[in-house]
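Q: Residue numbers (numbering that gives the first Met the number 0), protein chains in the order written: chain A, 0 to 204; chain B, 0 to 149.
There's no promise every hint is true.
In silico BS3-like cross-links for lysine-lysine, where the CA-CA straight-line distance does not exceed 27 Å [what the hints assert, rightly or not]:
| no. | chain 1 | residue 1 | chain 2 | residue 2 |
| --- | --- | --- | --- | --- |
| 1 | B | K88 | B | K30 |
| 2 | A | K131 | B | K88 |
| 3 | A | K86 | B | K146 |
| 4 | A | K131 | A | K167 |
| 5 | B | K12 | B | K30 |
| 6 | B | K12 | A | K86 |
| 7 | A | K86 | A | K167 |
| 8 | A | K86 | B | K139 |
| 9 | B | K88 | B | K139 |
Please keep in mind that the hints were generated in silico from the structure rather than gathered at the bench.
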Amino acid sequence: MCLRDDQRDALTELVNIGVGRAAASLSELTGERVELSIPRVFLCDLERLNDLVQVDGEPFDTLVFQDFTGGLSGRAVLAFPRMSGLKLGQLLGNLDSLPNEMDLDLSGILMEVGNIVLNGVLGSMANMTGAKLSCAVAELLTDQDMAAALADRMSTGNREGRRVFLTKVRFHVATRDISGSIAILFEFGGIESLLQAPLAGQTRG
Amino acid sequence: MSTETPCVTVSQKELLDLLPLGVCIIDGEMKVCQWNATLVNWTGITQESAIGMNLVDRYPRLSAWCFRDRLNQVFSTGTPAIFSAAFHKYFIPVPPRQGGPNTDMIQQTTVRPLDEALEHALVVIQDVTAQYLQMEELRKERFRLEKVVA
Chain A
0 MCLRDDQRDA
10 LTELVNIGVG
20 RAAASLSELT
30 GERVELSIPR
40 VFLCDLERLN
50 DLVQVDGEPF
60 DTLVFQDFTG
70 GLSGRAVLAF
80 PRMSGLKLGQ
90 LLGNLDSLPN
100 EMDLDLSGIL
110 MEVGNIVLNG
120 VLGSMANMTG
130 AKLSCAVAEL
140 LTDQDMAAAL
150 ADRMSTGNRE
160 GRRVFLTKVR
170 FHVATRDISG
180 SIAILFEFGG
190 IESLLQAPLA
200 GQTRG
Chain B
0 MSTETPCVTV
10 SQKELLDLLP
20 LGVCIIDGEM
30 KVCQWNATLV
40 NWTGITQESA
50 IGMNLVDRYP
60 RLSAWCFRDR
70 LNQVFSTGTP
80 AIFSAAFHKY
90 FIPVPPRQGG
100 PNTDMIQQTT
110 VRPLDEALEH
120 ALVVIQDVTA
130 QYLQMEELRK
140 ERFRLEKVVA
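Using the sequences and the accompanying hints, generate a full structural model.
A: Spelled out as structure tokens, the structure:
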């Protein structure tokens, strides 16, 4: 399944609305101007996910994930390379020095940031599809393979042919840019529901 | 011979009272519907006094945008909220229990919808003071050792 241009544009707008709200929340929370930008969204196979998100060979292995059920079901992940996660935690937490490990402070910061960002995106998706979502509390995983973390608790163990909704996200905080990725694995035809929703919206509009 | 494990019936209130976490249930207007024994112990507010109490009126700090807006989202969108110790220090103030007279309890709090109708939310407050005090000591020790090495 490939995204048509109109589907890609609609989904990009959906995610931008969600992360826009998240950026406003983060700005209020931290007292810093936080901007989030989403350049592009696309679909990929779960097996290719880790290769696609890597930057300069650095794996995205610091993950905040949030499961959701209801009208749409699946798992959403906000992921960073380890060093980027530490830098983001330092910037948003106003820490004096760059920490070299994911301690209690940083874990808490990233979990709350992930919770805010993923709530924004999932809330936007729920609005677009009219689905009611029930979300679990966000959890932090470190040193974890992104694709494995997505597929881990899904109902079918077979990872082949599983499509993932993927987008890069750029955090701009205090003149610094931190890059991350948001990936969402849907169950039970969730991708199809999501793709039909932009068309339905255009028809109604 | 039956091998069925007997089912233990515990009321919701009894279950909440057993938890070593501060737990309360609030409605969409932030009124307290349940207040567990741990919260009674921490705050000195009895369960009878707490039921019907408006949490934001009682703790005006929660009316700040960073709390109130996200609490409202729990009821409007059904998405849970995390209030980390790193950003907020605590959700509700609890007098010092460890670490010295000026050490308020440091808390990690989650708020999540309790029902599909989004009429109630479960607030779970975890005391992470000991871990934070330990982390602070480790940081001081690391700083001292780095100076020695340098």
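Q: All the hints need checking, so say for each whether the structure fits it.
A: Here is what the structure says about each hint:
1. B:K88 / B:K30: holds (23 Å)
2. A:K131 / B:K88: Violated, at about 32 Å.
3. A:K86 / B:K146: Roughly 23 Å between the alpha carbons, so the hint for K86 of chain A and K146 of chain B holds.
4. A:K131 / A:K167: holds (26 Å)
5. B:K12 / B:K30: Answer holds: K12 of chain B to K30 of chain B is near 17 Å, not above 27 Å.
6. B:K12 / A:K86: violated (43 Å)
7. A:K86 / A:K167: Satisfied, since the Cα-Cα distance of roughly 17 Å is no more than 27 Å.
8. A:K86 / B:K139: At roughly 21 Å apart (the allowed maximum being 27 Å), K139 of chain B and K86 of chain A satisfy the hint.
9. B:K88 / B:K139: Cα-Cα ~19 Å, so holds.
Hint compliance for this structure: hints 2, 6 are not met, and every other hint is.
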